[in-house]
Amino acid sequence: MAETRDSSSPEALSLDPPVGLPADFAALYAAHSRPVYYLALRLLGDPQQAEDAAHDVFLKAFGKIAEFRGDADVRTWLYRITLNHCSNLRQRWSARNIHTAPDEETFDHLAGPAESPLRVLETKELGERIQTTLEALPEEYRLLLLLVADEQLSYEQIGQLTQQSSDAVRGKLHRARRAFATAFAKTA
Amino acid sequence: MNSDPRFRHDLREQHEEHTTAEHHQQAAVTREYASVEEVLCDDRNQVPVPPTLAERLAASVSAQGLKPTPWWRRWL
Numbered sequence: 001m002a003e004t005r006d007s008s009s010p011e012a013l014s015l016d017p018p019v020g021l022p023a024d025f026a027a028l029y030a031a032h033s034r035p036v037y038y039l040a041l042r043l044l045g046d047p048q049q050a051e052d053a054a055h056d057v058f059l060k061a062f063g064k065i066a067e068f069r070g071d072a073d074v075r076t077w078l079y080r081i082t083l084n085h086c087s088n089l090r091q092r093w094s095a096r097n098i099h100t101a102p103d104e105e106t107f108d109h110l111a112g113p114a115e116s117p118l119r120v121l122e123t124k125e126l127g128e129r130i131q132t133t134l135e136a137l138p139e140e141y142r143l144l145l146l147l148v149a150d151e152q153l154s155y156e157q158i159g160q161l162t163q164q165s166s167d168a169v170r171g172k173l174h175r176a177r178r179a180f181a182t183a184f185a186k187t188a
Numbered sequence: 189m190n191s192d193p194r195f196r197h198d199l200r201e202q203h204e205e206h207t208t209a210e211h212h213q214q215a216a217v218t219r220e221y222a223s224v225e226e227v228l229c230d231d232r233n234q235v236p237v238p239p240t241l242a243e244r245l246a247a248s249v250s251a252q253g254l255k256p257t258p259w260w261r262r263w264l
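Chains C and H, in that order, are what the protein sequence lines are. Under the working numbering, the first residue of the first sequence is numbered 1, with each subsequent residue one higher. Under the working numbering, the first residue of the second sequence is numbered 189, with each subsequent residue one higher.
Same shape as in the complex, but just chain C (with noise of 0.2 Å):
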């Protein structure tokens, strides 16, 4: 299915609450539904799956805020589900299609241009190259970037949700990082 593009502000972050909604969900939703989406968009690779996650998601959130600890963050906690959700749908998928990853050290011998700007042509194009992008790297470091994307989140944060030090995490981005601007440069 093909992708669609948002030309509206990149500042625009937070949507109108939904009607329809208890107020407070409602809130949660309006702040929390485009990182949700993201995640789930770029981890599935469609926007439909994408679509049907994030409403699995949020739906279990709904059921199960009274189990939600005050002391966690809520994008954190959104986030676990959403990565669990997916996860268990790509382990679905993966059963009935084989599907080989490439592993880190094909990345981690690869001499990239780590340190140079990611140019792009016409922005309509960047969400594909970033898909393709994510797609040819390890699933650890495809977690790991979107993750860190989210200025929301702390590298301890990430190292909750991946279960990992926040040191592993410092690590595995810096070669992560290099992997994504070696691929990235091959969609041009």
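Treat the hints as calculated values from the structure; they're not laboratory data. Incorrect hints may appear among the rest.
Quick list of the computed label-pair ranges, beta carbon to beta carbon [unchecked claim]:
hint	chain 1	residue 1	chain 2	residue 2	range
1	H	Ala247	C	Ala168	39 to 49 Å
2	C	Gly20	H	Ser223	35 to 45 Å
3	C	Lys186	H	Ala247	37 to 47 Å
4	C	Asp73	H	Ala247	21 to 31 Å
Derived coverage of chain C by chain H (criterion: at least 3 residues anywhere in the stretch with Cβ under 8 Å from a Cβ of chain H; other residues may be distant) [claimed, not checked]:
hint	segment
5	79-93
6	151-163
Don't be surprised by glycine CBs; every beta carbon is placed ideally from N, CA and C.
Following the hints, complete the assembly by docking chain H onto the known chain C.
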């Protein structure tokens, strides 16, 4: 002001040429990103959330008759 029709025609042609050149320049503009995070942020900001998502969610919440309980109510 020069009212010669040929002069006005030339002016219009010049303006059209200029506008076309400007258009081509805009179309071929290259955006540079300093980091991977910046590329992904820009991508995220441009991906719209499907409007049907909120509608489907509201319908599902209504159909299931779900009522959220705030976490703090468990202690009351």
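Taking the hints in turn, this is what the structure says about them:
no., hint, verdict
1, Ala247/H x Ala168/C: 39 to 49 Å, "42 Å, holds"
2, Gly20/C x Ser223/H: 35 to 45 Å, "39 Å, holds"
3, Lys186/C x Ala247/H: 37 to 47 Å, "43 Å, holds"
4, Asp73/C x Ala247/H: 21 to 31 Å, "28 Å, holds"
5, 79-93, "violated (count 0)"
6, 151-163, "violated (count 1)"
Hints 5, 6 from the earlier list are contradicted by this structure; the remaining hints agree with it.
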